Structure formats: structure tokens, C-alpha cells
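Those protein sequence lines, which keep their order, are chains A and B.
Take the first sequence: its letter number 125 is residue 124 in numbering that gives the first Met the number 0, and every next letter is one higher.
Take the second sequence: its letter number 17 is residue 16 in numbering that gives the first Met the number 0, and every next letter is one higher.
Hints are computed from structural coordinates only; laboratory data are not their basis.
Just so you know, these numbers come straight off a predicted model, no measurement behind them.
Just to be clear, a hint being listed does not mean it is correct.
As a list, the in silico BS3-like pairs of lysine-lysine whose alpha-carbon atoms are at most 27 angstroms apart [stated by the list, open to error]: (1) B:K42 <-> B:K74; (2) A:K42 <-> A:K160; (3) A:K42 <-> B:K113; (4) B:K74 <-> B:K2; (5) B:K42 <-> B:K108; (6) B:K45 <-> B:K68; (7) B:K2 <-> A:K82; (8) A:K171 <-> A:K132; (9) B:K2 <-> B:K39; (10) B:K42 <-> B:K3; (11) B:K71 <-> A:K82; (12) A:K196 <-> A:K18; (13) A:K168 <-> B:K71; (14) A:K42 <-> B:K39; (15) B:K3 <-> B:K68; (16) B:K74 <-> A:K168; (17) A:K171 <-> A:K36; (18) A:K168 <-> B:K68; (19) A:K36 <-> B:K113; (20) A:K171 <-> B:K68; (21) A:K53 <-> A:K150; (22) A:K53 <-> A:K23; (23) B:K68 <-> B:K2.
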Amino acid sequence: MAVITISRQFGAGGRTLGKMLADKLGYIFADNSIIRKIAREAKVSTDWVRMIEKEGGTKLSRIISGMVSQSWIERILSTSEDKGYIDEQLYLDYLVLFIAEIADEGNAVILGRGSQYILQNHPDTYNILLINKPENRIRFMVENYNVMDKKAASIIANEDKRRINLYSKLGKKDYDDPANYHIVFNMAHFTPESVIKIIIAILNA
Amino acid sequence: MAKKILIVDDDPDVRLFNSTVVEENGYTALTAENGEEGYKIIKEEKPDLLILDVLMPRQSGLRLYRNLKTEKAFKDMPIILLSGIARRTFLRSQNALTEFEGEEVPEPKTYLEKPVEPAELAQAIKDALNG
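Make the full structure from the sequences, and use the hints.
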């Protein structure tokens with residue numbers, strides 16, 4: 000009934016590794032499914048949830064109030080006839096509830112989104128952090144996601160911003176501190192396969 | 000005068016079920032569809048007891064519980080949590096919010112997991128009102 004959280008610098012291979020690990024263990028892999036669940040519950044589109052994550056409420060409000068009315072935004076982003084609603088607080092409530100729910104069911108690999116903090120006292124949970132040099136992260140994106148160097152660098156910069164914003168919502172700045180994790184892998188020195196072997200050995204120890 | 004019990008749940012069937020149990024036991028039922036609406040009614044009507052769902056639109060029960068328990072005027076209001084979310088998941092989520100936001104809230108005295116039998120809910124209401 001173990002739970003593995005994978006935090007990562009974007010481009011360090013967290014999603015690839017998480018999926019491989021979940022497949023190998025027969026666990027569920029929770030990544031974007033959390034966002035889809037939040038969107039479904041709030042009756043808004045996944046784009047709206049991602050915008051909350053990326054921009055944060057204050058900046059988002061400024062953008063919206065400066066351009067168009069909130070009701071118009073809500074209407075075009077809503078996925079159903081019922082009017083959807085989400086704000087930063089509701090996002091956070093749903094996030095902690097859904098991550099806690101996945102963990103309580105057990106046998107899960109959860110990618111990011113503060114899960115290492117949400118589950119810090121959860122029994123049988125292993126928190127893993129993946130890091131890598133910026134140039135390697137860009138190379139990983141180019142090789143695995145079929146994008147050019149410049150585009151890869153831009154995606155990584157965007158995702159780093161989303162990460163900073165998400166953690167600032169949680170009042171956390173120490174997300175790259177090794178003390179928050181059971182294991183930190185510098186992916187400049189490991190393949191996903193070797194990391195999976197190590198994690199499985201730890202689970203079986 | 001009959002005691003007032005506020006039911007906050009986004010599911011109309013659950014609101015109807017809970018209202019029926021409340022009224023059949025001699026209390027007055029008030030209803031709200033989410034935490035935000037529930038909080039307005041709490042301020043206006045000052046109910047004697049709150050029956051609260053957890054996963055709701057606009058404002059969750061996780062948040063309303065937290066707000067009430069940290070607000071002087073309402074921190075002693077009895078609350079029955081009645082949810083499809085397991086108790087341990089609710090507690091873990093509250094602990095996470097405490098970690099992120101700093102303010103600790105007490106564990107709920109009564110937490111019922113759906114589905115609940117009418118007699119079980121009636122007894123929980125009686126116990127909660129008697130302190």
C-alpha cells in the first residue's frame with residue numbers, strides 16, 4: 000500500500016519515470032488526472048485550473064479586470080451548462096482532498112503538486128526529488144517531446160514559474176531542500192531504469 | 000421553539016434526506032448548497048447545529064469547517080460532518096492546510112461517512128445538541 004511522490008525540476012524526467020514506475024509496480028499514476036478531477040468538480044475547464052496554478056489569483060484578477068469581465072471568462076471556460084467556479088482557495092481545498100484521497104487508497108505514484116508536503120506524515124509514503132542541470136533538462140525535452148531547443152527552454156521556464164507560483168500558494172520555498180525527501184536523484188547520473196530499480200529495492204527492503 | 004439545524008450539501012437528494020430526518024425529529028431544517036451560502040445563513044440565523052458535507056462547489060466543507068473553528072463567534076457551534084470523503088482523508092487534508100496556512104483546527108467530534116441510516120443521523124443530532 001505504498002505511495003510514492005515524485006517532485007521534480009521540469010525536464011528532469013519526472014513524468015516519464017513516474018509512469019514507468021507506476022506501470023512496473025501496478026500502481027495508479029496520478030499526474031494530470033488530479034487537474035482533470037479538480038476541473039470536473041469545479042465545473043470549469045482544465046485550462047482554467049492551470050491558469051490558477053500558473054498565474055495565481057492576484058495577477059489573474061488583474062489580467063481579467065484589465066481585459067474582460069470575469070463572467071465572460073467563466074462562461075467561455077466553463078465546460079458545462081452549469082456555471083463553474085474556482086478560486087485559489089477552492090483549488091487548494093480540492094488539491095489537498097484529492098491527493099489525500101489517492102494516498103489513502105494506496106498503491107499510487109503521485110507527480111508533484113505539493114504532494115510531498117500534503118503527505119508528509121502519511122504512512123508508507125516515499126518522497127522522491129529529481130533534479131538536473133538546466134542544459135540537460137532542455138536536452139531531455141528535445142529528445143522526449145519532439146521540440147526545438149528554444150521551445151524546450153521556454154516550456155521549462157514556464158513550468159518553473161508555475162512551480163514557484165504553486166509552492167508560494169502553499170507558503171513553501173524549500174521544495175528543493177533535500178531534507179524534505181527520502182531520496183534525491185541527480186538525473187545527470189542516473190537513467191530512469193536505474194532509479195526505478197533503486198526505488199523498488201527500497202520498497203522491498 | 001424548535002432548534003434550528005442547518006444542512007449544507009450540494010446534493011439535493013442528501014439535503015432532502017437530511018431535512019426529513021431533522022424535521023421528523025422535531026427540529027427546524029435550514030438548507031444551503033455550498034459553504035459560501037451556508038456561512039451567510041449561519042450569520043443570519045445562528046443555527047444550533049450544522050450538518051456539513053465536505054466536497055462542494057464554491058466553498059468546500061473543509062474550508063467552512065476551518066473558518067468556523069477559527070472564528071470566535073462560531074468556534075463552539077456543534078458540527079456533524081457527513082460526507083462521502085473518509086474521515087482519515089478529511090483529517091489529513093486539514094493537517095495539510097494547517098501546514099500551509101499555519102492555523103490549527105480541532106478534529107471534528109462527529110464524522111459520519113455516507114451513506115448513513117436515518118436512525119444513526121438522528122442519534123448523532125441528539126448527541127451533538129446535548130453536547
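Going through the hints against the structure:
Between the alpha carbons of K42 (chain B) and K74 (chain B) the distance comes to roughly 13 angstroms, so the proposed pair stays at or under 27 angstroms and holds. For a cut-off of 27 angstroms, the pair hint linking K42 (chain A) to K160 (chain A) stands: about 25 angstroms separates their Cα positions. Between K42 (chain A) and K113 (chain B), the direct Cα distance comes to roughly 23 angstroms. Compliance with the 27 angstroms bound is thereby established for this hinted pair. Our distance criterion of 27 angstroms between C-alpha atoms is met by K74 (chain B) and K2 (chain B), whose separation comes to about 18 angstroms.
Between K42 (chain B) and K108 (chain B) the CA atoms are separated by roughly 22 angstroms; this keeps the pair inside 27 angstroms, and the hint holds. With a C-alpha separation of about 15 angstroms, the suggested pairing of K45 (chain B) with K68 (chain B) holds against the 27 angstroms cut-off. Of the supplied pair hints, the one linking K2 (chain B) and K82 (chain A) is violated, its CA atoms being roughly 34 angstroms apart against a limit of 27 angstroms. Using a Cα cut-off of 27 angstroms, the hinted pair K171 (chain A) and K132 (chain A) holds, with the two alpha carbons roughly 22 angstroms apart.
At roughly 18 angstroms between alpha-carbon atoms, K2 (chain B) and K39 (chain B) fall within 27 angstroms of each other, so this suggested pair holds. For the proposed pair K42 (chain B) and K3 (chain B), the alpha carbon gap of about 13 angstroms is at most 27 angstroms, so the pair holds. Under the criterion of a C-alpha separation no larger than 27 angstroms, the hint pairing K71 (chain B) with K82 (chain A) is inconsistent with the structure, at around 33 angstroms. Restraint check: the Cα-Cα separation between K196 (chain A) and K18 (chain A) comes to about 14 angstroms, which is no more than 27 angstroms; the hinted pair holds.
Only pairs whose Cα atoms come within 27 angstroms are accepted, and K168 (chain A) paired with K71 (chain B) is accepted, the gap being roughly 26 angstroms. A distance of roughly 23 angstroms separates the Cα atoms of K42 (chain A) and K39 (chain B); the hinted pair therefore holds under the 27 angstroms criterion. Between K3 (chain B) and K68 (chain B), the direct Cα distance comes to roughly 19 angstroms. Compliance with the 27 angstroms bound is thereby established for this hinted pair. Taken as a hint, the K74 (chain B) and K168 (chain A) pair is honoured in the structure, with Cα atoms around 26 angstroms apart against an allowance of 27 angstroms.
Restraint check: the Cα-Cα separation between K171 (chain A) and K36 (chain A) comes to about 24 angstroms, which is no more than 27 angstroms; the hinted pair holds. Restraint check for K168 (chain A) and K68 (chain B): the C-alpha separation of about 22 angstroms stays at or below 27 angstroms, so the hint holds. Of the supplied pair hints, the one linking K36 (chain A) and K113 (chain B) holds, its CA atoms being roughly 20 angstroms apart against a limit of 27 angstroms. Distance check on the hinted pair: K171 (chain A) and K68 (chain B) sit about 24 angstroms apart at the alpha-carbon level, within 27 angstroms; holds.
Pair hint K53 (chain A) plus K150 (chain A) holds up; C-alpha atoms about 18 angstroms apart against a cutoff of 27 angstroms. A C-alpha spacing of about 32 angstroms is found between K53 (chain A) and K23 (chain A), which places the hinted pair above 27 angstroms, so the restraint is violated. With a C-alpha separation of about 21 angstroms, the suggested pairing of K68 (chain B) with K2 (chain B) holds against the 27 angstroms cut-off.
Checked against the numbered hints given earlier, the structure breaks hints 7, 11 and 22 and satisfies all the rest.
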